[in-house]
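Put the complex together from the two separate chains, hints included.
Chains as they are written, first to last, in our numbering: chain A, 307 to 451; chain B, 2 to 464.
Calculated from the structure, these hints are not laboratory results.
Hints are not guaranteed to be accurate.
[Stated by the list, open to error] Some chain A residues flagged as far from chain B (calculated, every beta-carbon gap over 10 Å):
no.: 1; residue: ILE318
no.: 2; residue: SER319
no.: 3; residue: PRO336
no.: 4; residue: ALA354
no.: 5; residue: PRO374
[Stated by the list, open to error] Derived coverage of chain A by chain B (criterion: at least 3 residues anywhere in the stretch with Cβ under 8 Å from a Cβ of chain B; other residues may be distant):
no.: 6; stretch: 322-331
no.: 7; stretch: 337-351
[To be verified] Examples of chain B residues toward chain A, derived with CB under 10 Å:
no.: 8; residue: LEU199
no.: 9; residue: VAL243
no.: 10; residue: LEU329
no.: 11; residue: ARG341
no.: 12; residue: TRP423
C-beta atoms are modelled at their ideal positions from N, C-alpha and C, and glycine is treated no differently.
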Amino acid sequence: MSGSPIAPTPPISPAEMLVLVSRASLTLNPGQMADLVLAWRQVVALLALIPRDRPLVDDQAFVFRLPPPVIAAKPVATARAQPTGAAATKPPPGKKPAGKTSAAKKPPRGKPTGGKPAGQKQSAARKPLPNLSSGGRSARPGGRR
Amino acid sequence: MTTIPSSLTIAEAGRLIAAKKLSPVELTKALLARIKAIDPKINAFLTITDKAALTAARAAERAVMAGRKDPLLGIPVAYKDIFETAGVLTTAHSRILQHNIPKHDAETVRRLRAAGTVMLGKLATHEFAIGGPAFDLPWPPARNPWDTRRFTGGSSSGSAAAVAAGLALGALGSDTGGSIRLPAAYCGIAGLKPTPGLVSRRGVIPLAPSLDTTGPMAWTAQDCAILLDALAGHDPADPASVPGPQLSYARSIDTPVKGLRVGVLRHIYEHDMPASTDVLQAMNRAVAALRSLGCRVEDATLPPLQEYNAVGRVIISAEAYALHEATLQTRLSDYSRTFRIRVLSGALLRAAEYIAAQRRRTDLIAITAKAFERFDVLISTPAAGAAALLSEQRPDDGFGRPLATTLANVAAVPSLVVCAGWTAAGLPLGLEIIGPAWGDATVLRVGHYFERETGTRDRRPDI
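The following block holds chain B by itself, in its conformation from the complex (with noise of 0.2 Å):
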């Protein structure tokens, strides 16, 4: 077997695959025995889909020896186990589905599929995709592959920490108030929450099916575009799913991104949410970085991220509870602690209460939109800080600390975070770039001419 490097991206093994330098089979047989001797320390995967993914990886060669050039044809990726794959456990992280083996795939999980992509395995997430690490579940929590003791974020953590690892070129998570975005800047890569309609949630066990997206998650925001061209279009089976501009992510990232105008949400990191010296300092970076790259930057204001994060959570709760209220009443302690601290709340709110959320949505949807009219992206941090001790989480925590993510969920934007730096323990942080509502070509963009000026790429975890 032929070494091949652990920090290949998509981009990359795609032009070797289609010019017939790297096998598709050498490369999902690398990955599986990376995945064999790294796992156990960071626990990303629940599911290993070893046999079906060698299969697959042959019938990927023989399409690259037919002479198929495709820029996913071939590349092992892997999925949050919230993502129905037929056949397959889809366990969402819970005793609760434990057993659960869906007959179909999500379309999403389908649109890879057919772009000859090799899946790998199911991999970790926050119960249900809500709350936080939990020791109470029949899986651990998956850890943090540039220090084994920290958070990955949440609630995509496993697909994060498998991209980081080098275990998955690819993977796909859930966002409703900042789950791909969390995990990227906490384990240093790229992840894009879409425009809301752009990515099929078909077949993806919802959260809050008002803030619920679906999107790429890869070490570079140009290998989030690659997926992205795959992913994106109108599903008729998702209700929220419209026809997205056509055009191709991937061929349109190099586009220059001077001239553009750059808005810092300054008063979300210095302010709303006070983030610690190390992200501060990687904001100046990121300003001088993109001012360095053309970008006309200066400070924007958005309502204070409180409004947005209360708006969120409410609509949060009160969905989340409505999809798990039968299952509550009779299994409510199959569910960890974390995710009845986060949902059960929903039983006592009232209907006015939600709705008056959902109004002040719409405002916040109204405000929002109205800045993109000075900006092209908005920046801001993802995260105050950096990754934090996996035994300094509790499951109460940050019910009612803002998040900065939640702001795109709420406001129906496309958001995207790549790495911003480290901190001076080596511990990742990231950048969020905002855009306008269909601006997921402009965000991938920014996010792809900062990591090269930055050159962030270049340096992956220890593990």
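Bound conformation, chain A alone (with noise of 0.2 Å):
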């Protein structure tokens, strides 16, 4: 099924402009106002180019999913082993995330300054190079989008 061709976005007249302004709850000084009317002329024009007249059925969800990542045996990856397209196989087995971070959980130590960063002496000791493989569960890969 088809949608029906959609009409493209009318322009707003400046007493239906005040209308969709104060439904916002902005208070708008006429210079503002001027530079809103300015702004909306122009995403008028993007909203023309972008098709509308889809198919209902045509995508079940307004997200993408990116393809997986293809995990290299070795360290170098080779520019044939990049995977394209909409590969059909699944993220990996989910491992657990690699644990909270200390800053997640702690407060850093100290009070804070402007222009004093506090903690630092506690970062500065940790591990050497992070995990580049945590592994961890993908909490929803792509899911916002």
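Printed below as a string of structure tokens:
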């Protein structure tokens, strides 16, 4: 089933714009309103480039899911090893995430003072390179897109 | 204090520090002195954390003497001022957050600290990472080290200016429509927008979460790879984060590029966004350089750039407005005019229009992914010309004009900008190298070999 053709976004009259701005609880002075009119004209031109008459069943959700990464056997990846397109394999099976960070759990030591970071001594003493392959569970791969 | 060249890269400094031939303390002192002397000309820094930097540098030095060897140990870096830093002012270059002092580090900041880097301070941005240079904010906009009358590009403006001027060896930026890659191009450095999900965004003030990414900026592609090794990895606290490929970007960067299939998006710079003669010549030279490296180069075609831009701009307007609506209702005049012009129109967008943009994005992701069945990377120009004069920038500039860089954000693919040469007036030009999702290592390799082939890393701004 195809969708019906969609009428292009109509121009907004100054009176209509006042209503919409008021509905958004915004208070604009005349200069700011003039800027908004200018910006909206540009947005209308952009909207005209986005097709709207799509079949209803064209997609099931307004998200995308990236193809999973290829887990390289060797440390050096070659160009051909990169995944392309929508590969059908699932992401690597979930292991437990690599533990909560101390930054997330503990507030930094010392009083916050602009320009004087706290907690640096603590962090600088951490282990060498971070784990590049934490292999942690994917919360929702691409789920917000 | 020993004399330390301002042209040091992360790779070089890391080797010297590991060999105990360069002191992290001396390096940090040298850069702090350079910041004091040069930053007033380019306004790259909003906050300089000099005392904490020296404390961190001493800790790094002790670690070196104790035998620790890490490529980022003792390397001075700085952060775009939308990355939260525990106990250090994080303003987003905005009056709205003028006194904001976060309690925690962003995950990326935490990772770089853990790798042993030394934070020099916080860097200028466009307000909340959108718009252009604004003169109605508490801090001035950053200026281009190659010509201080000129724009740096944005929004990671201070990050690019600081690295180009040799004030920091590396920096972090964010990229929603080109905010790492445009300033990288205008300032003649390297900047990587990674595959979405590869680098955490937790603790980074968002602009448009559907499109936001964070990534490294440095003098060379190799330095970006070294930073990416520390930055990449799954973060359960970022809902878009996924476990990326298990590899070292720095180690894989030397894998030869001979035989790689390179698609040239000629229609972008010849038709969709007609570029200057300087850019056209730079692109011709880039194609020749890649051919001489043994790459198989031919033209490639994607949908018109205007389609990617329309989708990206509508999503950014809608999401940025949603994030700022409550503050806009109460503190509208505290935002810059530039920000208001870019974001307020989101108040008028209808849900159906936003969803239409997201649905079209899904198409464009699939179409772009299809192109990578024929090509390993695609190349184009990140900008139609070199950096413009700051005096020519207007708050309403550019909103309707297409940005080449937005393509990679909308298509959810990695993209690297490296220096492609200079105009006759000595202003840098960029080359954009776009890869398939998770092809970050490949774009870094191509950028690395391109820099070596063309010798563009031997010239620094005279400031």
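Review point. Given TRP423(B) as an interface hint, is the shortest Cβ-Cβ distance to chain A below 10 Å?
Key: violated (29 Å)
| Checking the smallest CB distance to chain B, is ALA354(A) really beyond 10 Å? | The claim is violated: ALA354(A) sits with its nearest Cβ about 8 Å from chain B, within 10 Å.
> PRO336(A) clear of chain B by more than 10 Å, beta carbon to beta carbon?
Replying inline: holds (13 Å)
Please confirm whether ILE318(A) is truly not at the interface, meaning its C-beta sits more than 10 Å away from all C-beta atoms of chain B. At roughly 7 Å from the nearest Cβ of chain B, ILE318(A) sits no farther out than 10 Å, so the non-interface label is violated.
Grab the minimum C-beta distance from ARG341(B) to chain A and call the hint holds if it beats 10 Å, violated otherwise. Holds, about 6 Å.
- Message: Is the coverage entry for the stretch 337-351 of chain A by chain B consistent with the three-residue Cβ rule at 8 Å?
- Response: holds (count 9)
Exercise. Is the Cβ of PRO374(A) more than 10 Å away from each Cβ in chain B?
Worked result: Given a closest Cβ separation of 8 Å, the condition is violated.
Find the nearest Cβ of chain B to the Cβ of SER319(A) and say whether that gap is larger than 10 Å. At roughly 12 Å from the nearest Cβ of chain B, SER319(A) sits farther out than 10 Å, so the non-interface label holds.
Evaluation of the interface hint that places LEU329(B) against chain A, nearest CB under 10 Å: holds (6 Å)
Discussion item. Min Cβ distance, LEU199(B) to chain A: is it shorter than 10 Å?
Written reply: holds (9 Å)
| Restraint satisfaction for VAL243(B) [CB to CB of chain A, less than 10 Å] | holds (4 Å)
- Task: Examine the stretch 322-331 of chain A for residues whose CB is less than 8 Å from any CB of chain B, and state whether their number is three or more.
- Result: Since 5 is at least three, the answer is holds.
The structure fails hints 1, 4, 5, 12 (numbered hints given earlier, in ascending order).
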